[in-house]
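Residue numbers (the working numbering), protein chains in the order written: chain A, 1 to 353; chain B, 1 to 353.
Hint data in this document are derived by calculation from the structure and do not stem from the laboratory.
Among the hints, a few may not be true.
Same chains, same names: a pair is fine if it fits in one copy or spans any two.
[Said to hold, decoys possible] Straight-line distance between alpha carbons at most 27 Å, and here's what the computed DSS-like set of lysine-lysine pairs gives:
#1 321 - 97
#2 203 - 12
#3 321 - 224
#4 306 - 12
#5 12 - 301
All values derive from a computational prediction rather than experimental measurement.
Number of protein chains: 2
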Amino acid sequence: MVDPRVYDAMTKSVVGCMDPFFFEMLDQIRPMLRRAFGTQNEITLAVSGTGSAGMETAVANFVEPGSKFGVFANGFFAERLAEMGRRQGAVVVRLEKPWGEVFSEEEAAGFVRGEKPDVVAFVHAETSTGALQDPHAITRAARETGALVIADTVTSLGAIPVAMDETGIDIAYSCSQKGLSCPPGLAPLSASPRAMERLQARKSPMHEWYLDLRLLAEYYDGRKYHHTASASLFYALHEGLRVIDEEGLGNRFDRHWRSHRALVKGIEGLGLCMHVAEGHRIPNVNVVRVPDGVSDIEVRKHLRDKYGIDILGGLGVLAGKVFRIGLMGPLANDDCVRMFLDAFGDALRAASQ
Amino acid sequence: MVDPRVYDAMTKSVVGCMDPFFFEMLDQIRPMLRRAFGTQNEITLAVSGTGSAGMETAVANFVEPGSKFGVFANGFFAERLAEMGRRQGAVVVRLEKPWGEVFSEEEAAGFVRGEKPDVVAFVHAETSTGALQDPHAITRAARETGALVIADTVTSLGAIPVAMDETGIDIAYSCSQKGLSCPPGLAPLSASPRAMERLQARKSPMHEWYLDLRLLAEYYDGRKYHHTASASLFYALHEGLRVIDEEGLGNRFDRHWRSHRALVKGIEGLGLCMHVAEGHRIPNVNVVRVPDGVSDIEVRKHLRDKYGIDILGGLGVLAGKVFRIGLMGPLANDDCVRMFLDAFGDALRAASQ
């Protein structure tokens, strides 16, 4: 759900990507993004594409042909990371876990010590499974061998702390439409000085031009023309970040956790099970197992047709096995949770009859 | 300038990229884009990025590593095409002409026969010089040797005929913010069946995932999830294309030519010279030589501060030597031309004093 103020912002007149007014807005967006990422990284910007463009920016810039890329594979988007690594010509090594489980520090350390990847990547909040990975488990292991750490924060940024600097994540990317509650189309990204040093020393040429982070940095910092950034999407991001700043990130994170706890209580009250073990759940994407004998498609259709509520089904190996219930941004409040639980209970009853 | 109806369209509620309503809208957008491109190509869609992402989609998909890529180099964006070809690992060969001139069929044929490139690329309407390249000159030469033809139609689509099928262009890409008068952020692209056959037979893996045209086609045609396309930008494109359809493409093209002729007459009346020879000019980007002794920066500043009118300076080798005057979409009308000429005359006088 997008705040009405954000929609309004998009009706402002489009200006050019080299307009001083546009650069001033970018200069205001960047510190707000830094706060959301929990970082002081100078290179914090928004890529002109969706979250997947953010992912590709991270992989294409930092994973060189012939290098070793370690992927913590426990969900749909980790597979996408691995695929992008292969396309860059890297040797991709994987540590697998069932979808919905997370990696312990010991598991991560064993993998990183054994494989010694140049770069590792993990998904902070895996929207396909509902599992929240503790970044420390990965970053501590990676620091031992000097591997750069890429974190997919597509579902976490703006809803739960990413805390890049504290956790030691080197590169994080996200999207505009989840925790930031803006329209999709931009991919916030931040890279540590250590990551940028590695990038400056990169020897093999970048295949990608549109997502070349050095060129993007020259546009943001050097005001050198690169591409025609979409004024409308940046107006929206600017206003969406202001809405978040006004609430305060801490308050916003707390609100997501409160709604999550109320939702889980209600879900369990309906006799259903959460897919992920307690303590490892994402608050803003709640993954619930489909009870035996119930068609997830019917439940979702009932919710949509009778209540206008959209929830998602499972992806990949979880297709047909789980519901994925988003509870983000303005929707993360008690009234929405109550309303949803009533509707969900009704839909489950209707689909079980 | 963006039509107010297009701004309004962006305030509609964001829906998911897999929502049936969203696919219905895509299904309405595609025939409108086909009309603008002048093609029956099934693969006609909008890439989720700016015009440069469209350019990279064309180059990264169709120019394979080790293949020969022929670039008709007579302006800023041809240089970008060549750079992207090099990044894909192609052998880039160039036919050069001074910025502002165009290629004749004989020149193109000599180059194509001599070099036998697998793919050639040219810029239809080069916004950095104001020169309009006749596509036939390139496509006839390319057909002789079987080379695929990529056309940059960033500045032409929606303002002048592209006529892909008639001219024999295989791949054309554009942007949303010029001739289509929408906000930037999307890159319409169309590829011929011949081009898609070549792509299906491609042996080397694609480096790029976000701009992989085969994956994009599976999303558009097979409704297979790829990336979270920006509902807001597609609402805008949908409404912008409807505005164009209501006027009629033929009427729109005529209107751009009429305004162009009126502007050129006025410019020459002020004693200034057009940079490009008559008969080879883009109607919607008018490139005018800066008179001796006049500072282009001062003229542009005067126009902006006193009249709120933005015109562009020269790019690359033409920096400081030309003004670039956009006259597109709703702005291409007699009143705007008159108003602009008065303001421009005033600014030139002020800057000459």
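Hint by hint, here is what the structure shows:
1. Within a single copy, residue 321 and residue 97 get their C-alpha atoms as close as 18 Å, which meets the 27 Å cut-off; across copies the closest is 62 Å, which misses it.
2. With identical chains, the CA atoms of residue 203 and residue 12 are never at most 27 Å apart, being 43 Å at best within one copy and 46 Å at best between copies.
3. In this homomeric assembly, residue 321 and residue 224 come within 27 Å of each other (Cα to Cα) only across copies, at 19 Å, whereas the closest approach inside a single copy is 49 Å.
4. Taking the shortest alpha-carbon separations for residue 306 and residue 12, only the inter-copy value of 21 Å comes in at or below 27 Å, while the best intra-copy value is 36 Å.
5. For the identical chains of this complex, residue 12 and residue 301 are inter-copy neighbours only, at 23 Å across copies versus 37 Å inside a copy, given an alpha-carbon limit of 27 Å.
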